[in-house]
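Could you use the hints to bring the two separately framed chains together as a complex?
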Amino acid sequence: MSTLQDFTGYKPTWCPGCGNWGIGMALKMAFVEMGMMPSSVMISFGIGCSGNMNDFINAYAMHGLHGRAIATAVGMKLANHKMPVCAVVGDGDCYGEGGNHFLHACRGNHDIKVIIHDNRVYGLTTGQVSPMAEKGQKSKSTPSGIIETPVDPLALAITQGATFVAQTFAGDTKHMVETLKKAFVHTGFAIVNVLQPCVTFEKKNTYAYYMQHVYKLDAAYDPTNKMQALAKAFEIHEEKYPLGVIYQAPRKAYHEEAVADITTPLISQTRFQDFNNLVEEFI
Amino acid sequence: MQYTWKIGGEAGFGIMTTGLLFSKIAARRDHYIFDFVEYPSLIRGGHNAYEVNVSDEPVSSLKRDIDVLVCLNKETFDLHKKRCISQAKIIFDPEVFTPEGDIIPIPVPFTAILKELQGQVIMKNTIALGASLAILGADLSELNSIFEKQFAKKGEAVVSLNQQFAQKGYDAVMNANKEHVISVLGKKETGKKLVINGNEAFSYGAVAADCRFYCAYPMTPASTVLTTLAAWGKKTGMVVRHAEDEIAVINSAIGASFAGARSSVGSSGGGFALMVEAISMSGITEIPIVVFLSQRPGPATGMPTWTEQGELLFAIHGGHGEFPKIILAPGDHKEMIELTLKAFDLADIYQVPVIVLSDMLLSEAHMSIQYDEIQGEVNKYVPNRGKLIASADETYKRYLLTDDGISPRLVPGESKTYYQSNSYEHLEDGHTTESDTERIKQVDKRALKMQKYMSDHFVAPTIIGDINSAQTVFVGWGSTKGVASEAIKQATELGKKAAYIHFSYMYPLDKNKIKTLISDSSKKYILVENNSEGQLGKLLQMEIGVSFEHKILRYDGRALTREQFIEKI
Ligand SMILES: Cc1ncc(C[n+]2csc(CCOP(=O)(O)OP(=O)(O)O)c2C)c(N)n1
Ligand code: SF4
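Taken in order, these protein sequences are the chains called A and B. Count along the first sequence from 1, add 295, and you get the number used in our numbering. Count along the second sequence from 1, add 114, and you get the number used in our numbering.
No lab work stands behind these hints, which were simulated from the structure alone.
Using 27 Å as the maximum straight-line C-alpha spacing, the simulated DSSO-like pairs for lysine-lysine come out as follows:
#, chain 1, residue 1, chain 2, residue 2
1, B, K501, A, K377
2, B, K530, A, K377
3, B, K348, A, K547
4, B, K267, B, K229
5, B, K301, B, K448
6, A, K377, B, K511
7, A, K476, B, K530
8, A, K377, B, K349
9, B, K652, B, K682
10, A, K306, B, K530
11, B, K349, A, K547
12, A, K377, B, K348
13, B, K603, B, K306
The following block holds chain B by itself, in its conformation from the complex (with noise of 0.2 Å):
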């Protein structure tokens, strides 16, 4: 079962953190949760709203209906009441204003209770999450020790506080509407879950590959890898800098990864714009680098706090001139964690610079994942550097043409050699080059590397559901894995033939491990985007030949949603 809890109010008054605090205590209950938060790109005024879908299996989007509503103010049940479920629960201040339609009314008074303790404003927040943990069968057991580990510093009196707003919107539904309780958030023994969003699970990747340097300039949605990475810096030793601008920001990580230390960067578009010419010279200089891409809907400014998949044709074309690079596009959490360990193997072996794409969605929805698996998997990571090596002789050419087209890299320092690392086009030992047979020779060789690439590395797309006896397949990438594993289970248990091909390694494409899945002439192939254009489907179209008639794109800043799915079904 799925059930949606929704809070909104003002903007700048402590919704996210509430939201997350339930999405939290939802997993420490043991119960799956997919979040996402909604806000204007500004810091106070407008609304806010989160919501979180409980599951007790694994979820990865959000579902159509709310089941409750949290209304700080008048605004958020107007906004959402149309998502509402016929008999929704609506936790309301009635001094505020009384919510009428088919719902349940579930007052809470708010304003009586702030008066009473003397509180701020803000902790209406706690007063709500104690409400909606006792409208869902909870206890405050997991929030009154969190608020105990919060404000340990703040000392017992601000424990308790806390404790004592969350008590009064507990009660204040227990003595009147005992009877509405829904046993949702029964505790369950299902496994620890950690609940982490898309930019703290690269963050943490980033960590686990070892990446030394991480550089970035603010900008939503990417910004938060940098707050985390720095909140992290004294414990892991990542030299972790907030440059003058995302110029400045990659050359240095270049500069970086050519002494030695892995590194990477972060930025949404408009920083990844500034940041172009520089991914052409690490494709040029063979130094590799990691590039954190979180899209948002553009062009321009755009809409910050939004989300779309319109960067695929930019990532893979940013950059002037002729070079390999890679680009992945995680689905969801896990394979982030996954495919950003993988992402700097990859810039390592390659010698490439490799780009992971997310987008608001992923950056910023958190979903629970098994504590185990994310263990097993980062214990058992060994960082595979390639052709990194310490030390060398006088013969040693930085560019030396090989089979595989990738060089020995030498860590500056031994002192035996020296060399440069050259963004002019250059002979095997580094020296600039205009002849035209060298020329040949370093294009070729660069070129190469994806060769074995293709056979060593890439992975075809994965099948959701089962593709054999599917009429309709939906063919996507990145983010929408989520919301369309979510539909393709939906569809299955309404009987209903679908499956979905996603793919995560989105270049190089090797052509012929995909045009075999996409071209059974009995099948029907949509394109599912969060875009205008069609993006994967232009890709597809140029590297495979494959033309898609039926596509849902969507580009209005929302994410997919699984009805979008079933209604083409």
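Just chain A, same shape as in the assembly (with noise of 0.2 Å):
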């Protein structure tokens, strides 16, 4: 059994107020609630405010580059199939910067579990526009206003082939545990869509708007049916955010396929050593 204590690594740096405080609480939680231990589950950072979380939680985990945190979990999970794995990420790192690997992963059903800390902005860098941002946004970066409409994470997801598609609120802890341990349990591509106030540079997508705009779906939601997932996904246009497991499709995943004995990991699989028999082609 582990305890909050045992997942705690340094005392985060984020901003007083931040919603990545309450992200970072709940996947602690969530992992203590499951049994698993920091050695038992490896996390893919991006980098971002999000993907600080690296020095503030405990597990085996790489902090890797900007955008190509979920690229590099697909080779963890890959390599030791075994092993849970995640990547923590912005939503710059994830619909911007790894816009494509995000695509392809879900194309891929790669048993990982992306949790985006979508905020809308870039909070790293001081607080530039992200893929998310409204039409019309000002910031540093687009002092007349952001000309693209922002990215639908949900539907694209979706229609791309995740499994899994959630979303959740950081100012919601308990609802975010349930969410992240639904995640956990499904296998294949999981996205945790988590809305997250930057306190710091984004002044809109506050936690009052926030507990205005979003719901809860009720028990009835049934999270199979596709279409009724996308007209879900579609609400963010009327500034509609629902909480909960939008869609959710049984497939086989990635490594299910990819890895030749899946009854052993990779890594500890017996070494090929019948090299004669590949010679024959070049005789």
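Structure (structure tokens):
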């Protein structure tokens, strides 16, 4: 059995009141409640305020490159599929710099849990717009307002083949913990988009804003209905944010098809040494 | 004796397969071969040619003159006649064109045979093989048994149809031109041989090195490593992944390596360019990775199917910031296997990125190598994973300062501890730091690793020929070794005194071991490279402080030739 203390690393350097505090706590709580240990999970961190969680939470971890956390996690999982793997990323990280990896990880259904700190800005580089920013939002890099419309990450994930798509809110620890746990139980590519206020650089999407605009999916909601899930995802355009598991579908995870001997992690398999067998084609 | 057979025709009609079959048959008859293919970056249309240099001794390059030219179209003759020897044998279809000049015409009625046996155009290749084997004094036994194996699944009828086409080509020569048959491909007993190209050699080496994860995105001339390893995947258990782009490729491989699997990636210059940020990450996180970089003429998309050694300095400098890395450039196919095994060990021992440089020439040219030597090499090989450990206690520190700069690297999963690999500068325990003193400690620690490399693993350039008596000394690297060796052999036969200094361990360099090699003022040193800037020359200037007055630089996308060496002696 583990405790929160086991997972607790350095004291976070996040701004007071930042949504990242709640997300960090919820992730630790979920780990504890699932009976995991810092040694039993691999985490791939992106670069951003979000990725800075690397120093605040204990695990076998890689603090890699901006945008590449999913790609890194893909390799981790294939090398040792017996360990759960998650990626902690920002919305700039995941939907911008690493957008291509996100898209293709959905297709591949890699068994990775991706926790996106969706704060609609680039926090760490002091508040420029992220791909989640609303059209017209002004920032230092877009003084006349951003021209692009935002990414719709949930719809994107659903349409590209993700098999678990959820949304939760940094102001609701209990809901985050429950959602994260469901993601970890799922086998396949799971995204948990966490609506995260950035108290320093984002003045619209505050806790108060989200309190008014989020709502929880009720027990009657059927996440296996893809069209209905898409309709839920599209609600972002009306500033409505459903919380909970929006879409879930069963499909073989990538490693289940890619690792020849699924009973043993790749790193523990016996070494192939029948070299003669391979050279026949060179004769 | 060396003897060159060449076949040409329109792209998309099986020239490559035919050329390779010819090489294999020559090798099965126990001759040595070196072959190379010419093709445009097109799937159809354009000109394809395949050239095989057959020899009774080991051979490592093409030669200048063509002895037999098989023309599946007129263009082949027009393009290559200038390289034909006097009285070269020209195999052609009299219904298509008639070659003229100082040649021996060997007409083969390709079109008529196709009509008679109702074959598709592609069967011209089979006829050509039959005719070629006839003119070179071989029988069809090897070709027939290859067909039996190749088409076993398609049934007896397909096998015998192919055999019939080959026989028709064979008979066409024997009936009308028996007097021109020369005994080039007589059967010998020189030991079983493999016909392998550089990419296959790397792939084979990677399997033997126990690489468990290979990730790539197709790019000529590196793509066939991906396809070869993928084809073997079911047997070897290696996870071979064609990822969405080269950035994903290398980040995934580093993730797999972090988790404990020997991992590798491959590309050409453009894909490598997308990988450099992650190479730098491999440097600071100290996660081993082997990068196969097969060069082609750049910049940008360049000339995809031609050859150049234009990325030595890019490989050395690829990656922002200062961190150790090792660059190896095998000179031939056997060295490719040896250095691939070495590359995986070095990556693990020093916990650094190791780049294995190839180029179009080395990647796609086939060479015959003795089966026994290769088997000996891979069978005796035991992976050296350096300080990789499977267990540790609570006091474990990933970036522990040690005497040699190398810290024990724990496979994630050990229950007594945990750690992070950090692309930010870090403390010994892996946590992020911006401390000035800790920064210096870690920079120095990483650099220290290369001191050990210098004493334990760096290998000085090798010398081909008699350097003591040589007045002319060529200096080159990588795939240049093949042609340089042949040039030195030829020069010696002509009574000329020359030698070649060959670099395979490109970076870092041991100044002391190299300087003495190239500083005899009584000798003329000539830099030879398949690029326009003389990149090894620049490197040696920068690292060792020597400069080259004389240079042979070839950058037309074609390989260096022996004659380019000989005329400088
Ligand atoms: C290749 C690269 N480009 C740019 C940066 C600089 N950078 C660091 S974090 C970041 C954006 C962070 O935004 P986001 O991913 O949304 O995370 P947040 O800080 O908001 O949590 C950028 C642009 C970088 N580290 N690497
Ligand atoms: S800048 Fe924003 S996202 Fe970053 S820690 Fe501060 S409040 Fe949080």
